[in-house]
Every structure is written in C-alpha cells, then in structure tokens.
Amino acid sequence: MNCKKVQRWLPLMAGSDLSASKAQAVQAHLAECPECQREYDAFILSLEKMKEWLETERKDWDETEWQQAVQKAAGEKTPALSPLAPWPFKKGWAYAMMGVLVVALTMIFVIRPFHVEEGTALDSEIFARTQAQLIGSAFEESKQEVVRMTMVLPETGQKIIWFFDKNFELEDKE
Amino acid sequence: MWMKNDDDLVGEVLKGDQSSFDLLLRPHRQGLINMAYRMTGNFEEAKEICQESLIKIYKYLYRFEKGRSFKSWIYKITMNSTYDFLRKKKKAGDIIESQKRYTLSVSPNPEKQFLNKEIGSKIESCLRNLSPKEKTVFILRDGDGFSVEETSRILKCSSLSVRTHLSRARKKIRIQFEKANLGFKKEVKSEL
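First to last, the sequence lines map onto chains A and B. The first sequence runs 10 to 183 under my numbering. The second sequence runs 1138 to 1329 under my numbering.
Heads up, a few of these hints could be off.
As the list claims (entries may be wrong) - Quick partial rundown of chain B residues pointing at chain A, CB under 8 Å, derived from the structure:
id, residue
1, Gln-1155
2, Gln-1167
3, Val-1285
4, Leu-1297
5, Arg-1311
If you're looking for bench data, these hints aren't it; they were derived computationally from the structure. Just so you know, these numbers come straight off a predicted model, no measurement behind them. For glycine and all other residues, C-beta sits at the position ideal for the given N, C-alpha and C.
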C-alpha cells in the first residue's frame, strides 16, 4: 500500500470509520512510514481538540424555557391519527395505493370490454351450437313422410309422378 | 424501576398524555439545541429552530414508525428545520453575522479565558470553512456521536456519501488547525 492511498484514508482512520481490513492495512503501513504516522497523529490531535471544544461549548435549555417550549408544542395540535392516514404513514404506501387504483380502473374500463366480447363470442358459439342442435332436431323431426318423384318425358311433355312413403313404398295417390 | 422505552412513550402521547411528550424529548433536548446552535452559531436562533421542530415532532408523531430509532427521527426533523431556517434567512438577505457566535464558556481565570476565546475563535473559523453538508456530517458524527449509518439515515444519503463528506471535513479542519497554528504541531513533534 502506497502513501497516497493511505493518506486518503487517514481522516476516516482517525475517527475509527474505516473497515477493519482497511484499518489493519493502514496500521501496517503506519508502522513503517514515519511521514504518514506524523500525518495521522495530526489528524487525531485536530479531531480530539475539535471534539473537546464542541463538548466545552455545549449549551442547554433553561428549565423554564424548555417547559414552555414543550407546552407550546403540545398545545399546538393534538396528534390524533387521521382516519385517512394509514399507520404507519408512508409516502410509498400512498403511491402504491394509487398504482393499485390505476390498475383496477384500467381493468374495469379497458380490459372489461374484451371480456364482454369474449363473453359475447362464447354466447354466440353456444347460440350457434344450440341453433345447430335445433336445426338438426328439426331435420330429424321433419323427416318427410311422403316423397314425390316427378318424371317428365321430353318427347311428349307427359309427367309421371310417383309418391313414396317414408319406407319408400309406393303410394297410390294419383 | 421499569423504564418506558420510546415506543411506549410515543403511544402514550398519541393517547393524549402530554406529560409523556416531555419525558420522550428530555434526554435529547441538549443534543437538539446544540446541533441547531452549531449550524447557526446563534443560541437564540437555535432555540427558535428547536421550538419549530418540537411543534413538528408533536404534530407528526403518528407518522413515527415503531421499532425505529426515535433519536434519528427527531434529529432528522430538527436538521430539516435548521435548513429551512437558514434558507429563509438567506432569502431574507440577512447576511449580518450573528452578534456573537459561539460565545465561549466563562472561566474564572482571565488568562485562561482569553486563551480559550482565542482558541475558540480559531476553531470556530474551522467550522465556518466547511460546506453545509460537511458541517452537518461532522457535527452529527463527531459532535453528537452518531454512527456513519445513523448519519446517513438522518440525512437520507448513502454511507459512502457520509464518509466522503466526513473525510473532507476532517481534512479541512486539520489544515485549518495547521494554518491557525493551534499548537498541535509542537505536540506531535514532541511525541515523535
């Protein structure tokens, strides 16, 4: 590990914010490099002094002022849970709900007509099938009882008509 | 004695027990005011910001997710209030330096007091040289003792971004310390 890389990590190393493996590598380098060690000590010292100063400069509320601030905050508005707000409220939830609503509406207004068409097609199929069955049964039911056969002679124009019953037996009608 | 945790106290406040609100925030009152104070450099402004954030905390308490860190949540609110305040202040064209920034603690020894004041003003200038983000990260991590992960949650940014800003802030402070000749050089050399 070179000095440039180590010096880039020194500010984080000074505050123990470096990962264990990196810290170990830096520590190994510092043991061998007095220049980087000096730099590291400077970081440690500046950080310590800064923390020390921040600690000595700590301010606090006056008790009466604090009480007043809390009372003022608590008196502003009751944090009653809105019936419209889900618990716990999250922006993501609102977006998710909107998404679901959009999908539902799309299904109702766009996809539904296809279903209706599909339904219609199905209905028509059933209708057609039913019709066919009806026609078939009609055919079955309307089997002719009598079949007429006509023969016309081309030379004389004479017509000979035969009448047969359903068993194809000749009936004498004419 | 059984101590109520933050989630219990939040529940009690939501049920209408206002005294629990004080109990909930009392452990953090010093931390919150100091964070606002370090960001603005004016104690009166810091109190104003904290008042604003207390109102927001109470108003939006029902949004707090149980099981999460209450401390991080209130720091996030206070940090946002501080940014809002500073933005408004900048908009209003209030560029007048705060009358007395970082008033130093009173020491009975006048000589020590003078030294403290001198060192304090130099250290204060170190903080002033940081960008708002660097200052915020530095205050949260090195001033208030939040971890890098907690800081990233408060500021809604990645841990990598926090580490980058923290590194820059510490580097700037270290350079400022050297420039201001705050005596650390001698100490370092004497140690070596």
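Practice task
Double-check B/Gln-1155 for me: the hint is only fine if its C-beta lies closer than 8 Å to a C-beta in chain A.
Solution key: Hint on B/Gln-1155: holds, closest Cβ of chain A at ~4 Å, below 8 Å.
Handout entry: Interface hint status, B/Gln-1167 versus chain A (Cβ within 8 Å)
Key = holds, 5 Å
Practice task
For the hint on B/Arg-1311, just tell me whether its beta-carbon gets within less than 8 Å of chain A.
Solution key: Given a least distance of 4 Å, the restraint on B/Arg-1311 holds.
Problem - Per-residue hint verdict: B/Leu-1297, partner chain A, C-beta under 8 Å - result: For B/Leu-1297, the interface hint is violated, since the closest Cβ of chain A sits about 11 Å away, which is over 8 Å.
Practice task
Let me know if the C-beta of B/Val-1285 comes in closer than 8 Å to any C-beta of chain A, holds or violated.
Solution key: holds, 6 Å
Checked against the numbered hints given earlier, the structure breaks only hint 4 and satisfies all the rest.
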